[in-house]
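Model the full assembly from the supplied sequences, consistent with the hints where possible.
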Amino acid sequence: MSEQGIGASVRRTEDQRFLTGRATYTDDINRPGQKYAYILRSPLPHARIKSLDVSAAQAAPGVVAVFTGADMVADGVGGLPCGWLVHSEDGSPMVEPPHMPLVTDRVRHVGDQVAVVIADSYFAARDAAELIEPDYEELDSVASLGAALADGAPLVWDEAPGNRSFHWGLGDKAATEAAFSSAHHVARLELVNQRLVANAMEPRCYLAEYEPASQQYTLYTTSQNPHVIRLLMGAYVLAIPEHKLRVVAPDVGGGFGSKIYHYAEEAIVTWASRKLSLPVKWTAERTESFVSDAQGRDHVSHAELALDKDGQFLGLRVSTQANLGAYLSTFGSCVPTYLYGTLMAGVYRTPAIYVDVQGVFSNTVPVDAYRGAGRPEASYLLERLVDHAARDLGMDPVELRQRNLIPADAFPYQTPVALEYDNGNYQATLAAALEQADYAGFEARREAAKARGMLRGIGVSCYIEGCGIAPSQVAGALGARAGLFEVGTVRVNPTGSVTVLTGSHSHGQGHETTLAQLVVEALGVPLESVEVVHGDTAQIPFGMGTYGSRSLAVGGVALQHALNKVVDKSRKIAAHLLEAAADDVEFKDGNFVVAGTDRSLGFGDVALAAYVPHNYPHEELEPGLEETAFYDPKNFTFPAGCHICEVEIDPETGVTQVVDYTVVDDFGRVINPMIVEGQVHGGLAQGIGQALLERCVYDEEGQLITGSYVDYCMPRADDLPSFNVSTEKTLCTHNILGVKGCGEAGTIGSPPTVINAVINALSPLGVTDMAMPATPERVWQAIRAATRH
Amino acid sequence: MSVEINLKVNGEAVSATVEPRTLLVDFLRRHLQLTGTHVGCDTSQCGACVIHFNGASAKSCTLLAAQADGAEITTVEGLAADGNLHPMQEAFREHHGLQCGFCTPGMLMSALDLVQRDADPDEATVRHWLEGNICRCTGYQNIVTSIQAGARAMAKEGS
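Residue numbers (the working numbering), protein chains in the order written: chain V, 5 to 793; chain E, 1089 to 1247.
In short, the hints are calculated from the structure, not lab data. No experiment lies behind these values; they were computed from the predicted model shown. The C-beta atom is built at its ideal place from N, Cα and C for all residues, glycine as well. Where hints are given, some of them may not hold.
Here are a few chain E residues that sit away from chain V, every Cβ distance over 12 Å (derived from the structure) [as the list claims (entries may be wrong)]: (1) A1154; (2) Q1155; (3) G1158; (4) D1201; (5) Q1204; (6) D1206.
Cβ-Cβ distance ranges computed for the label pairs, FRET-style [claimed, not checked]: (7) A1169/E with S476/V: 43 to 53 Å; (8) E439/V with G1246/E: 40 to 50 Å; (9) G11/V with G1171/E: 23 to 33 Å; (10) E142/V with H1119/E: 36 to 46 Å; (11) K1244/E with G11/V: 22 to 32 Å; (12) E246/V with E1211/E: 49 to 59 Å; (13) R485/V with S1103/E: 49 to 59 Å; (14) N1094/E with E289/V: 23 to 33 Å; (15) P530/V with G1171/E: 44 to 54 Å.
In silico SDA-like pairs for lysine to any residue, Cα to Cα no more than 25 Å straight-line [unchecked claim]: (16) K279/V with D312/V; (17) K1244/E with R15/V; (18) K569/V with N619/V; (19) K248/V with Q543/V; (20) K592/V with Q543/V; (21) K592/V with R782/V; (22) K1096/E with R21/V; (23) K248/V with F184/V; (24) K1096/E with D32/V.
The structure is reproduced here in structure tokens:
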């Protein structure tokens, strides 16, 4: 292992600009003559707009223009597309209502976009927006799944009876029924996976600039996937040909899924910049983020696990209601279906599984992928259910898991829910975690805590996730409306430095370092000679962006293929210069050597020869040294691992503290262990946040109660412990790096682990269930209820 | 209506005329182009906007620019001297105390105020001190490690 190559904890090259305040986030960019947009949003969850008079706002000081949905429709603007077509069990396509950037007749959630004011300053725009007084006719509304699915519930969309977009199913229903009919025991659980808000620290921001002379648009955007935004907005919403639309996602302050989607405000500022031939900027206030950033989770599920007398899993039956919000967001339909139902096997050899999911509209902010996206919901359900079954059977939950794990020699393993796991060793991660957490010694710690008046509990879960979100052919067959490959270009400059262009996008993950390490390893150049460029459609050939833990597993592998092409071509150039056969030329530590001789040539010399091709194999090769690879994986990747959590609960207050947290992950090959650990830490914080703190709450009508950081409980430093994180390794078998991805794992494994620990702590009192978030109040109530009788 | 203010920012005298309602953070970002100080919320909760106001950490989203008349302000841009990272910045780099970087300037400025008050803070002290700084990326562990290491490095350098 070189000091800067694969496997080294290289310190991040991007840190210098972030640490010195020299980063460039979208809101840091300003263009000459720039105007400011303020979006007037609906204060009501559901209403018809009887009239919308904007004349007073138009006449206000500093106002350049006021636009409404009617203006956009008159201009031929289209709706925001949904990227995934899901079909119901009966074969019918999902109900897919239009999603206009500015509404035309009805508002459907608090925060829906009603009008945009564009003015000389932010204050002028905001002041003028207060002069718009829409005449609303309030309509009945639904916020919760229960209300939306009730008989006679008010309809969010007239075309969606029962507020259902789809009723999807996956698995062998008959085989599952048969498994249940022969079961020795059936464990049953009702579970709520509460709604969350992603809350990347940088609020969304868009700056669009239209050049009338060249008819060129530039959009600076807080996006995880600028090429996807160019495709969706250009092709579906604003009819801008791609060669006239440049989308730049500069430094982006966190995403966690919430910055994947094409948002209304992107289209609004881009369209307005053309109408006005002026740059237009919009920056969300945090309060706006809470009512306009796509939110996460929001499932209600009924789950049943059938077991035989030895505790072998026979069948799993899951019925889930998934709140989609008022509109279908970009991936809103695929998250609760293909990213959820397909993970229901977990790490277990359950032979028969059937899952059905109802996608439900409500008068709330749209729901889409949030870190983990469907897989945390699957993991939570399955790992809570396994613990529940163990409790039913009086078994140790670890032993029940061990009896049902897919054996390490069973790969590739076809699950009953469509996925084929290529490789793994679930026994190894579980065993390592048990040892590191000293599972065997837990009872002594419980006793010691008891002596201090504290209730101590331990929770275990084994997670698996499907990452990469590809291959395209499979995704397409399942309803994806886009390809899911990735692109990498290696541009070797004449003096031997290297510019990498990647379609992945870093918004905190450290790609500029990790991807550069691949270059160091492949070409033997120092890290300082590598520049990684991302986030600009004008510079990068194409890209699908970063989500689903795909940057390394798809983007990194694409880059590796491009690097291999560079090495192949370089070897041929070197062979020519060394007057040897290419097959006899070895490439090692940055030098081309004729095997068995001392004749060699540095990589830099070869690069120079490619650009100054005086002595060059022109018949065989083109000059220059730049290679691009488009990589479409053969399968998803399957990171997996084991989490163990210990909590202590103060029975007087109900306060739960995570006192010990151990994770053993299998991410395949690890490029930068420091960065990988950091990704796991962050994922754990979000998962523990869901388990103990976070909850997005609407009242019955659909007014958002948790609309700021005062009301929505974000994890803070003193809510969390330090984590004990390590890795075991089985290589991914279908990509050339053997990598699997690590970005979401912490968030996927931790919620059930923490709740299992809380229930374990309270189990001596007879408590068998706990909802997320396990707030002090909920825990205290559970203790009170259990000890009252 | 406007007010005139005179203050020092990162050691340099600054005079400006601003609307009375201009927040200090907007003044720093828009008037002075010191965009290292960030706005992450509108309720004074997140701490992305923390600067030093007459030597102590303060949330610049909660101050009017007019209140800074006569004050000495230090922002993250004022930390690295002659292109060399401050020991606290260096500690964040060494211990991977940042990911997306958006909360980082506020974290650094808060951390430096803590070290003024406690030259060798333990983990619990650091975690409690960061109550007013939200990070969504790191899970805080590496930030805490960075701050403790930064404090030790500062003690060593006598800075």
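Hint check results:
1. With a cut of 12 Å on Cβ distances, A1154/E stays outside the contact zone with chain V, its closest approach being about 15 Å.
2. Non-interface status of Q1155/E relative to chain V is upheld: no Cβ of that chain comes within 12 Å, the nearest being about 18 Å off.
3. Against the 12 Å criterion, G1158/E stays outside the reach of chain V, whose nearest CB is about 24 Å from its own CB.
4. With a minimum CB-CB distance of about 15 Å to chain V, D1201/E clears the 12 Å threshold, and the non-interface call stands.
5. At roughly 19 Å from the closest C-beta of chain V, the C-beta of Q1204/E stays outside 12 Å, upholding its exclusion from the interface.
6. A cut-off of 12 Å between C-beta atoms confirms that D1206/E is not in contact with chain V; the least separation is 15 Å.
7. Distance hint check: the CB atoms of A1169/E and S476/V are about 51 Å apart, consistent with the given range 43 to 53 Å.
8. At roughly 44 Å, the beta-carbon separation of E439/V and G1246/E lies within the given 40 to 50 Å, and the hint holds.
9. For the pair G11/V and G1171/E, the supplied restraint of 23 to 33 Å holds, since their beta-carbon distance comes to about 31 Å.
10. The hinted range of 36 to 46 Å is satisfied by E142/V and H1119/E, whose Cβ atoms lie roughly 43 Å apart.
11. The beta-carbon spacing between K1244/E and G11/V, approximately 31 Å, falls within the hinted interval of 22 to 32 Å.
12. Checking the proposed 49 to 59 Å range against E246/V and E1211/E shows it holds: the Cβ atoms sit about 51 Å from each other.
13. The beta-carbon spacing between R485/V and S1103/E, approximately 56 Å, falls within the hinted interval of 49 to 59 Å.
14. The given range of 23 to 33 Å is respected by N1094/E and E289/V, whose C-beta atoms sit roughly 30 Å from each other.
15. A beta carbon spacing of about 21 Å between P530/V and G1171/E contradicts the range 44 to 54 Å that was offered as a hint.
16. The suggested pairing of K279/V with D312/V is violated, with an alpha-carbon distance near 68 Å, which exceeds 25 Å.
17. Between the alpha carbons of K1244/E and R15/V the distance comes to roughly 22 Å, so the proposed pair stays at or under 25 Å and holds.
18. With a C-alpha separation of about 21 Å, the suggested pairing of K569/V with N619/V holds against the 25 Å cut-off.
19. This hinted pair checks out: K248/V and Q543/V have alpha carbons roughly 14 Å apart, not beyond 25 Å.
20. Using a Cα cut-off of 25 Å, the hinted pair K592/V and Q543/V is violated, with the two alpha carbons roughly 31 Å apart.
21. With a CA separation close to 61 Å, the supplied pair K592/V and R782/V exceeds the 25 Å bound.
22. Restraint check for K1096/E and R21/V: the C-alpha separation of about 24 Å stays at or below 25 Å, so the hint holds.
23. Of the supplied pair hints, the one linking K248/V and F184/V is violated, its CA atoms being roughly 58 Å apart against a limit of 25 Å.
24. A hinted pair counts as satisfied when its Cα atoms are at most 25 Å apart, and K1096/E with D32/V qualifies at roughly 22 Å.
In summary, the numbered hints that this structure violates are 15, 16, 20, 21 and 23.
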